[in-house]
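S.K.: Let the sequences and hints guide you as you build the complete structure.
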Amino acid sequence: MADLDGIKRMAKDAMDRGTEVVRSDDVRQSLGRVGKDLVGAGRELVGTAKAAGRAWSQADPRHAEHHDTPDSHDPVI
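Under full-length UniProt numbering, the first residue of the sequence shown is numbered 1, with each subsequent residue one higher.
Simulated from the structure, these hints should not be mistaken for lab results.
C-beta: ideal position from N, C-alpha, C; glycine also.
Be aware that a few hints might be false.
Below, in silico cross-link-like pairs of lysine to aspartate or glutamate (EDC-like), each with a Cα-Cα straight-line distance of 20 Å or less [said to hold, decoys possible]:
hint: 1; residue 1: Lys36; residue 2: Asp26
hint: 2; residue 1: Lys36; residue 2: Asp25
hint: 3; residue 1: Lys50; residue 2: Asp60
Ranges of calculated distance between the beta carbons of each label pair, as one might list FRET restraints [stated by the list, open to error]:
hint: 4; residue 1: Trp56; residue 2: Arg17; range: 50 to 56 Å
hint: 5; residue 1: Met15; residue 2: Lys50; range: 38 to 44 Å
hint: 6; residue 1: Val39; residue 2: Arg9; range: 37 to 43 Å
hint: 7; residue 1: Ala55; residue 2: Gly18; range: 43 to 49 Å
hint: 8; residue 1: Leu38; residue 2: Asp3; range: 21 to 27 Å
hint: 9; residue 1: Leu4; residue 2: Gly40; range: 42 to 48 Å
hint: 10; residue 1: Arg43; residue 2: Asp3; range: 47 to 53 Å
M.R.: Okay, structure coming up:
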């Protein structure tokens, strides 16, 4: 059975190595690009959802108005 102090030391060493990697400029820049890409994809998704909602409302005028009912969050298509 491994002793608890040894396990704690291994965990601390692993965390320290991980921190060093994240401090690397290349890693930070890569993470920044990934974050920007995710934001862009999210914006596209919101735009697509809005367009789909408009198309759905135009296709069936009964759904053009939003009614605040318990089931209004669960549209039936």
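S.K.: Compare the structure with each hint and give your call.
M.R.: Against the structure, the hints:
1. Lys36 to Asp26: 15 Å, holds
2. Lys36 to Asp25: 16 Å, holds
3. Lys50 to Asp60: 16 Å, holds
4. Trp56 to Arg17: 50 to 56 Å: Hint holds: Cβ distance 51 Å, inside 50 to 56 Å.
5. Met15 to Lys50: 38 to 44 Å: Between Met15 and Lys50, where Cβ atoms are some 43 Å apart, the hint holds.
6. Val39 to Arg9: 37 to 43 Å: 39 Å, holds
7. Ala55 to Gly18: 43 to 49 Å: 47 Å, holds
8. Leu38 to Asp3: 21 to 27 Å: Violated - the Cβ-Cβ distance for Leu38 and Asp3, about 42 Å, lies outside 21 to 27 Å.
9. Leu4 to Gly40: 42 to 48 Å: 47 Å, holds
10. Arg43 to Asp3: 47 to 53 Å: Given range 47 to 53 Å: holds, Cβ gap about 52 Å.
In this structure, the one hint that does not hold is number 8.
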